[in-house]
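All the letters of the sequence shown, read from the start, carry residue numbers 2 to 167 under the working numbering.
Hints were generated in silico from the structure; no laboratory data involved.
From a predicted model like this one, the values you see are computed outputs, not experimental measurements.
Among these hints, one or two may not hold up.
[Claimed, not checked] Label-pair distances were calculated between CB atoms; the ranges are:
id : residue 1 : residue 2 : range
1  : G139      : G77       : 17 to 25 angstroms
2  : P111      : G20       : 38 to 46 angstroms
3  : S162      : H112      : 25 to 33 angstroms
4  : G20       : Q136      : 29 to 37 angstroms
5  : G140      : P44       : 29 to 37 angstroms
6  : Q64       : P127      : 25 to 33 angstroms
7  : G45       : S138      : 30 to 38 angstroms
8  : P44       : G77       : 32 to 40 angstroms
In this text, a Cβ means the ideal position worked out from N, Cα and C, and glycines have one as well.
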Amino acid sequence: MSGVGGESLAGRCHELLLGRGETVATAESLTGGLLGAALTERPGSSSTYRGGVVAYAVELKAQLLGVSAELLRTHGPVHPRTAEAMAAGARERLGATYGLSTTGVAGPEPHGDQPVGTVDVACSGPAGTTVRRLQLSGGRDDIRRATVSAALELLREALESVVTNS
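Whole structure, please, built from the sequences with the hints as guidance.
Here it is in structure tokens:
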């Protein structure tokens with residue numbers, strides 16, 4: 002999960018957040034806490050990482066993150082709108098400047114009509130929410146690691162966009 006010049010994406014996000022006194026919270030499904038782990042690797046991460054929710058069970062997305070039961074019934078747990086609602090829920094419920102979410106199918110079996118490797122990541126922040134749908138390949142661990150990288154990249158883009166537009 003390296004960024005420019007070997008700097009980790011999580012490290013770059015930490016520096017950008019720290020420089021502005023901002024924070025991030027996570028809502029994870031298929032990554033099962035790996036995103037939160039990446040964001041807390043660096044000493045001092047408690048100043049930028051508020052916490053996270055691992056809502057692996059569908060009903061926990063509603064109970065813990067405020068994702069509407071209707072949205073989950075209509076679209077299911079693996080959908081861009083679900084990822085968007087999860088990111089917003091993490092941001093609001095954990096009191097962070099940014100919320101990051103991951104949901105998808107890591108495999109080895111498909112989930113309903115969603116093939117293995119279908120992933121949605123979202124970043125909710127002051128300027129709005131960005132959602133990205135990915136079709137990843139590889140084994141379960143590869144998909145989960147690539148999902149973490151994609152979510153961190155989304156956060157980095159949002160943070161650097163704010164720097165550029167300020």
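Each hint, compared with the structure:
no. : hint                               : verdict
1   : G139 with G77: 17 to 25 angstroms  : holds, 23 angstroms
2   : P111 with G20: 38 to 46 angstroms  : holds, 42 angstroms
3   : S162 with H112: 25 to 33 angstroms : holds, 32 angstroms
4   : G20 with Q136: 29 to 37 angstroms  : holds, 34 angstroms
5   : G140 with P44: 29 to 37 angstroms  : holds, 31 angstroms
6   : Q64 with P127: 25 to 33 angstroms  : holds, 26 angstroms
7   : G45 with S138: 30 to 38 angstroms  : holds, 35 angstroms
8   : P44 with G77: 32 to 40 angstroms   : holds, 39 angstroms
In summary, this structure violates none of the numbered hints.
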